[in-house]
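Take 266 as the starting number for the sequence shown in our numbering and just add one per residue.
A few of these clues could be false.
SDA-like mimics (lysine to any residue), calculated; alpha carbons at most 25 Å apart, straight line [claimed, not checked]:
#: 1; residue 1: K326; residue 2: G593
#: 2; residue 1: K519; residue 2: S386
#: 3; residue 1: K519; residue 2: N569
#: 4; residue 1: K608; residue 2: F595
#: 5; residue 1: K326; residue 2: D557
#: 6; residue 1: K519; residue 2: I582
#: 7; residue 1: K326; residue 2: N374
#: 8; residue 1: K326; residue 2: G511
#: 9; residue 1: K519; residue 2: G312
#: 10; residue 1: K326; residue 2: Q348
#: 11; residue 1: K519; residue 2: G325
#: 12; residue 1: K519; residue 2: V335
#: 13; residue 1: K519; residue 2: K608
#: 14; residue 1: K326; residue 2: N573
#: 15; residue 1: K519; residue 2: T428
#: 16; residue 1: K519; residue 2: Y380
#: 17; residue 1: K326; residue 2: S539
#: 18; residue 1: K608; residue 2: C299
#: 19; residue 1: K519; residue 2: F595
#: 20; residue 1: K326; residue 2: K608
#: 21; residue 1: K519; residue 2: W327
#: 22; residue 1: K608; residue 2: G593
#: 23; residue 1: K519; residue 2: S539
#: 24; residue 1: K326; residue 2: R343
#: 25; residue 1: K326; residue 2: I584
#: 26; residue 1: K519; residue 2: T434
#: 27; residue 1: K326; residue 2: Y510
#: 28; residue 1: K326; residue 2: V315
Pairwise CB distance ranges, derived in the manner of DEER restraints [as the list claims (entries may be wrong)]:
#: 29; residue 1: S436; residue 2: G366; range: 37 to 47 Å
#: 30; residue 1: V367; residue 2: Q330; range: 21 to 31 Å
#: 31; residue 1: S546; residue 2: T404; range: 15 to 25 Å
#: 32; residue 1: G602; residue 2: T479; range: 52 to 62 Å
#: 33; residue 1: T345; residue 2: N573; range: 22 to 32 Å
Hint data in this document are derived by calculation from the structure and do not stem from the laboratory.
Even glycine gets a Cβ: it sits at the ideal position worked out from N, Cα and C.
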Amino acid sequence: MGKGEAKGEGKGKFIQGCAQDICDLGRHVAGCVCCLLCVGPILLLVGLIVLLSAADNTRGKWTNQFNDQVNVWNGGARQTFSQAQIFSQSTVAAQLPATSGVEAEPLNNANAHAYTPLRFSSTLSGNVYPPINNPGTQTLTSSFQLSAQQPNGPAFTTTVPLTMFATNTVSASGLSQSCNSGSSSSSSSSSSSSSSNSCSQVCANDGGSWNYNTQTCLFSNFLNGVCVKLSYTASSSSYSLSQQYGGPGCFPCKFYDGPSATCTDYAAGQLGGSYTGGSISFTSATAEIRSDQDPYILAAYLTNGTFNWGLTTAQKIAIAIVLLIIGGAFCFCVYGGMYFFVKWIRNRDDYKGRYARQTDQYGPTYGTQPYTAQPAQPVYQTPPPGQPYGQPQAGYVQSGYVQQGPY
Numbered sequence: 266m267g268k269g270e271a272k273g274e275g276k277g278k279f280i281q282g283c284a285q286d287i288c289d290l291g292r293h294v295a296g297c298v299c300c301l302l303c304v305g306p307i308l309l310l311v312g313l314i315v316l317l318s319a320a321d322n323t324r325g326k327w328t329n330q331f332n333d334q335v336n337v338w339n340g341g342a343r344q345t346f347s348q349a350q351i352f353s354q355s356t357v358a359a360q361l362p363a364t365s366g367v368e369a370e371p372l373n374n375a376n377a378h379a380y381t382p383l384r385f386s387s388t389l390s391g392n393v394y395p396p397i398n399n400p401g402t403q404t405l406t407s408s409f410q411l412s413a414q415q416p417n418g419p420a421f422t423t424t425v426p427l428t429m430f431a432t433n434t435v436s437a438s439g440l441s442q443s444c445n446s447g448s449s450s451s452s453s454s455s456s457s458s459s460s461s462n463s464c465s466q467v468c469a470n471d472g473g474s475w476n477y478n479t480q481t482c483l484f485s486n487f488l489n490g491v492c493v494k495l496s497y498t499a500s501s502s503s504y505s506l507s508q509q510y511g512g513p514g515c516f517p518c519k520f521y522d523g524p525s526a527t528c529t530d531y532a533a534g535q536l537g538g539s540y541t542g543g544s545i546s547f548t549s550a551t552a553e554i555r556s557d558q559d560p561y562i563l564a565a566y567l568t569n570g571t572f573n574w575g576l577t578t579a580q581k582i583a584i585a586i587v588l589l590i591i592g593g594a595f596c597f598c599v600y601g602g603m604y605f606f607v608k609w610i611r612n613r614d615d616y617k618g619r620y621a622r623q624t625d626q627y628g629p630t631y632g633t634q635p636y637t638a639q640p641a642q643p644v645y646q647t648p649p650p651g652q653p654y655g656q657p658q659a660g661y662v663q664s665g666y667v668q669q670g671p672y
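Build the full structure now, drawing on both the sequences and the hints.
Rendered as C-alpha cells:
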C-alpha cells in the first residue's frame, strides 16, 4: 500500500505541474496576442504625438534665446565684467584672477553662436575652511565672503551661506536605477521580474552606502566647490548678488556629476564626493564668480544642466514618419489578417449551409443527376434466305454481343 500511495502522489504532482505549465503557456500566448494587438496602435499614437510636437520647435526657441544672450555678452557685458575687481575674504583678502578657459561641459549645439567665456576663480583657503573630522550624520554650515566693484564704483560685499557637509537618506525607489533590494531569500527567485542590479550596487554607484537593515541608501557629501553669480547695475556701476533662476548659485543640480540627493538647485555650494570617514579637507575645492549675463549660465538653465537641446524639427518629422509606417504595417498585418481569416470562416460556413440544404432537397449527389437503370430494347433480325419466314424472336444485348432465339 505504501508504494501505491507514493505513486498516486507522484501522479498528482505530475498532473499539477502539467496544468501549471499549460497555464503559463496560456499566459505567454495571451501576452503575445495582446502585444500584437497593441503595438501597432501604440506606434501610430506615438508617431502622431511626435509629429504634433514638431510644430513646437523647442530646440529652435532655446537656440534663439541663447544666441540673443551671446549678442548681449559680446556687445559689452563681457567687457564690463572683465573690469571687475573681485576679492574672496580669508585671513587676508585675495583678488580672484579672471580666466577665459574652456567650460567644463560643451554646449552640444551646432547652431549656437560663438563667444569667449569669462569667470573669476580660485581655490578655497584652508585658513577659512579647516578640515572636518568625523562629522557623522550632522549637517555642517559655513559661509563664503566676497567683495566686488567696478573701477571708480562702489564696493559690494556679501556673505553667502554654504553647507560644508550634509547627509540624506534615500529609499530604493529614489535611486538612479530600479534595483533588487535582496532583503530576503526570495529575492533570487524574483530577480527575473525585477532589475538584475542589486540596490547596494546602485547605491554605491550613486555615491552612497546601502543599509540592509533599513533598506535605504545613505548619502554623505561634502563641499567640493562654490559658484556665485553677480548682477551688475549700469546706472550705479555697482554689483549685487543675483537671485536669477532661484538662487545665488550658477547651475542646477543636474549640471554636476555627483548625486543630487544632497543637492539644491542654484545653491552657492556644490556638495559631492563620497564621505567614508576621517578628515575632510577643502583646500582643493574651487570658488568661481560669474556674471548672470553669462551665456553658459543661460544654456544650463534652458537644458536643466544637461546641455541636451532636444531634437530638431526635421529629426522629429523623420522619427514620426518611421513610427507611422511601422505602426501602419503592424496594424495592416494583424488586423488585416484577422479580417481575412474571419471572412474565410464565414464563407466556409455559408458553403456548408448551402450544401446541407441541397442534400436535404435532392438527396446525395456526386456531381451528376441521379442514375436510373434503363430496360433493354428488343432486337429484331431478318431470317437468312432460303429459310421460312417465321415470327421474329427477340434478341437481347448481353456482354457486347447479340443472342438470338431459335426460328
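The hints, checked one at a time:
1. K326 <-> G593: Given that 25 Å is the threshold and the Cα spacing comes to 32 Å, the pair is violated.
2. K519 <-> S386: Holds, at about 21 Å.
3. K519 <-> N569: Roughly 7 Å between the alpha carbons, so the hint for K519 and N569 holds.
4. K608 <-> F595: Holds: K608 and F595 sit about 20 Å apart, inside 25 Å.
5. K326 <-> D557: Holds, at roughly 20 Å.
6. K519 <-> I582: The given pair, whose Cα atoms are some 29 Å apart, is violated under the 25 Å limit.
7. K326 <-> N374: 13 Å, holds
8. K326 <-> G511: It holds: about 22 Å lies between the C-alpha atoms, which stays within 25 Å.
9. K519 <-> G312: 29 Å, violated
10. K326 <-> Q348: 32 Å, violated
11. K519 <-> G325: Roughly 22 Å between the alpha carbons, so the hint for K519 and G325 holds.
12. K519 <-> V335: 23 Å, holds
13. K519 <-> K608: 57 Å, violated
14. K326 <-> N573: Holds - the C-alpha atoms of N573 and K326 are around 13 Å apart, at most 25 Å.
15. K519 <-> T428: The given pair, whose Cα atoms are some 18 Å apart, holds under the 25 Å limit.
16. K519 <-> Y380: With Cα atoms ~23 Å apart, K519 and Y380 stay inside 25 Å; holds.
17. K326 <-> S539: Status violated; Cα separation ~38 Å.
18. K608 <-> C299: 22 Å, holds
19. K519 <-> F595: Measuring from Cα to Cα gives roughly 39 Å; hence the hint is violated.
20. K326 <-> K608: 53 Å, violated
21. K519 <-> W327: 18 Å, holds
22. K608 <-> G593: 21 Å, holds
23. K519 <-> S539: 17 Å, holds
24. K326 <-> R343: With Cα atoms ~23 Å apart, K326 and R343 stay inside 25 Å; holds.
25. K326 <-> I584: Holds, at about 20 Å.
26. K519 <-> T434: 19 Å, holds
27. K326 <-> Y510: Satisfied, since the Cα-Cα distance of roughly 18 Å is no more than 25 Å.
28. K326 <-> V315: 17 Å, holds
29. S436 <-> G366: 37 to 47 Å: Roughly 40 Å apart at Cβ, these two residues keep to the hinted range, so it holds.
30. V367 <-> Q330: 21 to 31 Å: For V367 and Q330 the Cβ distance comes to about 22 Å; the hint holds.
31. S546 <-> T404: 15 to 25 Å: About 19 Å separates the Cβ atoms of S546 and T404, which means 15 to 25 Å holds.
32. G602 <-> T479: 52 to 62 Å: Hint holds: Cβ distance 54 Å, inside 52 to 62 Å.
33. T345 <-> N573: 22 to 32 Å: Holds - the Cβ-Cβ distance for T345 and N573, about 31 Å, lies within 22 to 32 Å.
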